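Residue strings, one per chain:
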Amino acid sequence: MRFWTILCCLVLLLVGSTVYAADKDTLVVSVSSDIHTLDPGVSSDNYDWRQIYPCYDRLVKYKVENGKGSTEVEPMAAESWTVSPDGLTWTFKIRKGITFDDGTALNAEAVRYSLDRTLAIAKGPADNIGAIATMKAVDDYTLQITLKNPYGPFLQTLATDGASIVNPKVASHAVDKDLAQAFLAEHVDGSGPFKVVEWTRGQRCVLEAKPKYWGGAPKLKKVIIRFMSESADRRMALEQGDVDIAENILIDQIPALEKNKDIVVNRYPSQMVEYVYVNCQNTKLSDARVRQALSYAVDYKGIIDHVLQGNGVQMRGPIPEGMWGHRDDVFQYTRDVAKAKELLKAAGAEKLELTLIYSERRATWEQIALIMQANLADIGVKLNLELMSNPTLRDKIDKADFELCLGAWSPDFADPYMFMNFWFDSKNAGLPGNRSFYKNDKVDELVRKSATLSDVAERKKLYSEAQDIIMKDAPYIFLYQIQTIVPLRKNVKGYVFNPMLESMYNFEAISKE
Amino acid sequence: MSAHPLLRELKLTLRILARNPSALIGGAVIVLMVLLALGAPLLAPFDPVKLSLAERLSAPGAAHFFGTDELGRDIFSRVLYGARISLSIGLLVITVAGVTGALIGATSGYFGGRIDNAVMRVMDVVLSFPSLVLALALAAAMGPSLVNAILATAFVMIPKFARLVRGEALSVRELPFVAASRVAGAGHGFIIRRHILPNCLNSAIVLATLTLGDAILIAASLSFIGLGAQPPTPEWGAMIASGRKFLMDQWWYATFPGLFILVTVIGFNIFGDALRDVLDPRIRR
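Chains A and B are the protein sequences, given in the same order.
Under the working numbering, the residues of the first sequence are numbered 593 to 1105, in order.
Under the working numbering, the residues of the second sequence are numbered 54 to 338, in order.
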């Protein structure tokens, strides 16, 4: 008897992972790297938002039109809203009857507390909602927000992760006036359709559905996010049915997946870009000529044609194609070894040795790193490569403790602010967005001014002028804009991709047949 | 016949070895690997670090005997250059570990008593760790680089040599000529150098040959997990590590460096086994 019990346990252990994915109530997603924090007021990483976003409600949410994610928003926790003619005063009517898990009501004060908390923490998400000047709860369910200046994408910014509505009771968890950051880094306390019930570092994060969610019970009971650093492992798990969705599969392995009749490979045009942060504060890289030389060294065409197999285009300026403000005529670096050497010579940096740090967040990064190593060797720069875990990498970025670093970025709302202000405004230095620690007073002035205007033509002109300066200063090596490829098992229904919600899923609407 | 006694000894050893089939095979493998390593610049059709993106992941064929990797580098050329790296790593590790270990062992065995006890307990502590795990921890602590991987591997190999040599030293020091030497007024250093160490040489050489395979394997394992050779160095372990990601569709990438590790390590092991048999005085005469 005991023998059989033990045997059954062993068998269950062995097939454990398969059991999950075969279960119709449980969705398993395999992703490349562990998450960093669960605090919506702190995180500026889509990989964290993947877990945070479904645990909270926001005032508004992105619409889904004909099965496609839109960049327009519709009511969520806000029932309706009005805006004053000058575009400065927004009045939101909050939906009644939404409660947090402990029964606390989601009301105007909760929204005010949450937005205020994000602004007070003043990390990356604060910049998303930075247009807010003051907030006032007019009554229990009416919130009035006054802006510093009219701001076009204001409503969309309220759909971003940083505008998540947190239970104001978390204040009781605050330690040393940290606004409960220590608590919310590892816990969630929201009114969204899911909650995080487990986060085992390096292993997995488990979300559990709330059957009593005000917007209707999610069809799934559980979502398991599994951290698997190897693309080949993710692919194998997907093919075997151990997982339902596999992120970030090497493009070389996609054709094999497309042949598998149990798997659907979806391709979406996205505004996701990959680029290299060049730390402008580092003494070796403070000379713009050195940074230009690096930009001239990279074999963009080779990378796109062969490593990406054409699933991408070289970036032209910082703003991706498909976003207004993108310029077809802005300067673009192409590989020119002679020119790069000349620039290094002029800058007196012929014996340069640099280190590129990267993680396995994107499956292609190792190849990109190796190619850059060879490309830079051609111009006489010795490049050391250092692979590290994604959370470690992000800590280093925030502390400017690197020389070169591979990165990816996707917009959270459809406005070039997402690129021009996040990447170049010197007050966003570090993880919030200006990850090259770039500082140019003229650029600061241009992008800040553009952010305060509502006239699109005028804003375009300012951003355009800034782009010309930026391309000369070369604070980043602009690599490419890619297509997002999401392979999932055929029985997964209801997934909607939104380029504003890269790597994030509408778990509440997904079901399994 | 006025040949040096050492030379005569060597000739005898070689003759016995030549009659031993496994020694022949092992020896042939080692000779072949050494030749490939030395001849790499002449034999390799391509520069091992030159990218050729247009040819990435092409299957083995006339142009690329072992195919190409994810950056279009010729795997055959990389494997040949890898032989240089792996063999040098093996030799370096064995030299460092052998010399250090022999010195520690001979000193400890010769003096005996408390010194011996203390030294051997330290060696036991090192031995009590699985060697790969300890090498891993050391390499990780020192930071990823080839030199550190060599040092870490050498460190975990030291006790093997120390113990062996110490055992020999214990018996050698009781032999009459050591006593005679001491009576004649020789110092400790002289006796260790002239009497103890030379008499432990045979077994140390066998152990060196036997451990060379292990050393190559451990160093390759360190490179495999990224603690050893850094890119773009064509080290076998590192090549398997990156090839593993493509194993499902491009079998050749990880397979060829893997085969080379396998053959080299087996070669050293069977040769070492044969050498042990040959040098065993009971079999010898």
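Since the hints were derived computationally from the structure, they do not count as laboratory data.
Keep in mind the model is a prediction, meaning the values are calculated, not measured.
For glycine and all other residues, C-beta sits at the position ideal for the given N, C-alpha and C.
Among the hints, a few may not be true.
What the hints assert, rightly or not - A short list of chain B residues far from chain A (calculated; beta carbon distances all over 10 Å):
#, residue
1, A107
2, P197
3, E227
Stated by the list, open to error - Taking lysine-lysine and the DSBU-like style, the derived pairs with C-alpha atoms no more than 35 Å apart in a straight line are:
#, chain 1, residue 1, chain 2, residue 2
4, B, K103, A, K931
5, A, K1031, A, K740
6, A, K893, A, K813
7, A, K814, A, K1019
8, A, K876, A, K655
9, A, K802, A, K655
10, A, K933, B, K103
11, A, K1064, B, K103
12, A, K1019, A, K811
13, A, K660, A, K715
14, A, K851, A, K1104
15, A, K937, A, K814
16, A, K653, A, K988
17, B, K103, A, K943
18, B, K103, A, K988
19, A, K876, A, K1034
20, A, K802, A, K685
21, A, K851, A, K876
22, B, K64, A, K937
23, B, K103, A, K974
24, A, K715, A, K937
25, A, K876, B, K103
26, A, K876, A, K1031
27, A, K787, A, K943
28, A, K769, A, K660
29, A, K814, A, K1064
30, A, K933, A, K655
31, B, K64, A, K893
32, B, K103, A, K851
33, A, K931, A, K851
As the list claims (entries may be wrong) - Simulated restraints, written as ranges between beta carbons of each label pair:
#, chain 1, residue 1, chain 2, residue 2, range
34, A, N858, B, M301, 19 to 27 Å
35, B, M301, A, K988, 44 to 52 Å
36, A, G1022, B, I258, 57 to 65 Å
37, A, G1086, B, A193, 52 to 60 Å
38, B, P98, A, A938, 32 to 40 Å
39, A, K974, B, A190, 48 to 56 Å
40, B, T66, A, Q901, 36 to 44 Å
Verification of the hints:
Not every beta carbon of chain A lies more than 10 Å from that of B:A107, the smallest distance being close to 6 Å; the non-interface claim is violated. Not every C-beta of chain A lies more than 10 Å from that of B:P197, the closest at about 8 Å, which undercuts listing it as non-interface. No beta-carbon of chain A comes within 10 Å of the beta-carbon of B:E227; the shortest separation is about 54 Å. A threshold of 35 Å between alpha carbons decides the hint, and for B:K103 with A:K931 the separation of about 21 Å falls inside it, so the pair holds.
For the proposed pair A:K1031 and A:K740, the alpha carbon gap of about 24 Å is at most 35 Å, so the pair holds. Proposed proximity of A:K893 and A:K813 is contradicted: the alpha carbons are some 45 Å apart, above 35 Å. A threshold of 35 Å between alpha carbons decides the hint, and for A:K814 with A:K1019 the separation of about 40 Å lies outside it, so the pair is violated. Proximity of A:K876 to A:K655 is assessed by CA-CA distance (about 47 Å); at most 35 Å being required, the pair is judged violated.
Restraint check for A:K802 and A:K655: satisfied, since their Cα atoms lie roughly 22 Å apart, inside the 35 Å limit. Taking the CA atoms of A:K933 and B:K103, the gap is near 19 Å; set against the 35 Å cutoff, the hint holds. Taking the CA atoms of A:K1064 and B:K103, the gap is about 30 Å. The hint holds against a cut of 35 Å. For the hint linking A:K1019 to A:K811, the alpha-carbon distance of about 43 Å lies beyond 35 Å, and the restraint is violated.
Distance hint between A:K660 and A:K715 is fulfilled; the C-alpha atoms sit about 31 Å from each other, no more than 35 Å. Proposed proximity of A:K851 and A:K1104 is supported: the alpha carbons are some 21 Å apart, at most 35 Å. Our distance criterion of 35 Å between C-alpha atoms is broken by A:K937 and A:K814, whose separation comes to about 59 Å. For the given pair, A:K653 sits about 33 Å from A:K988 by alpha-carbon distance, which is consistent with the 35 Å threshold.
As the CA atoms of B:K103 and A:K943 are separated by approximately 21 Å, the hinted pair is consistent with the 35 Å bound. This hinted pair checks out: B:K103 and A:K988 have alpha carbons roughly 31 Å apart, not beyond 35 Å. About 23 Å separates the Cα atoms of A:K876 and A:K1034, which keeps this hinted pair within 35 Å; it holds. Among the hinted pairs, A:K802 with A:K685 is consistent with the structure: their alpha-carbon atoms are about 24 Å apart, no more than 35 Å.
A hinted pair counts as satisfied when its Cα atoms are at most 35 Å apart, and A:K851 with A:K876 does not qualify at roughly 48 Å. A C-alpha spacing of about 61 Å is found between B:K64 and A:K937, which places the hinted pair above 35 Å, so the restraint is violated. Between B:K103 and A:K974 the alpha-carbon distance is near 15 Å, which keeps this suggested pair within the 35 Å criterion. Between A:K715 and A:K937, the direct Cα distance comes to roughly 39 Å. Violation of the 35 Å bound is thereby established for this hinted pair.
Annotation: proposed proximity of A:K876 to B:K103 holds, straight-line Cα distance about 27 Å (limit 35 Å). With a C-alpha separation of about 16 Å, the suggested pair A:K876 and A:K1031 falls inside the 35 Å cut-off, and the hint holds. Taking the CA atoms of A:K787 and A:K943, the gap is near 53 Å; set against the 35 Å cutoff, the hint is violated. The straight-line distance between the Cα atoms of A:K769 and A:K660 is roughly 42 Å, outside the 35 Å bound, and the hint therefore fails.
Simply put, A:K814 and A:K1064 have alpha-carbon atoms about 50 Å apart, too far for the 35 Å limit, and the pair is violated. Between A:K933 and A:K655 the CA atoms are separated by roughly 50 Å; this puts the pair beyond 35 Å, and the hint is violated. Taken as a hint, the B:K64 and A:K893 pair is broken in the structure, with Cα atoms around 62 Å apart against an allowance of 35 Å. Proposed proximity of B:K103 and A:K851 is supported: the alpha carbons are some 33 Å apart, at most 35 Å.
As the CA atoms of A:K931 and A:K851 are separated by approximately 45 Å, the hinted pair breaks the 35 Å bound. Here the CB-CB span from A:N858 to B:M301 is close to 21 Å, well matched to the stated 19 to 27 Å. Taking 44 to 52 Å as the suggested C-beta distance range, the pair B:M301 and A:K988 does not conform, at roughly 33 Å. Judged by the Cβ atoms, the range 57 to 65 Å given for A:G1022 and B:I258 holds: they are separated by roughly 58 Å.
At about 44 Å, the beta-carbon gap between A:G1086 and B:A193 misses the expected band of 52 to 60 Å. Checking the proposed 32 to 40 Å range against B:P98 and A:A938 shows it holds: the Cβ atoms sit about 38 Å from each other. Our hint of 48 to 56 Å for A:K974 and B:A190 is violated, since their Cβ atoms are close to 29 Å apart. In this structure the supplied range 36 to 44 Å is violated for B:T66 paired with A:Q901, their Cβ-Cβ distance being about 58 Å.
Of the hints listed earlier, those the structure fails to meet are numbers 1, 2, 6, 7, 8, 12, 15, 21, 22, 24, 27, 28, 29, 30, 31, 33, 35, 37, 39 and 40, in rising order.
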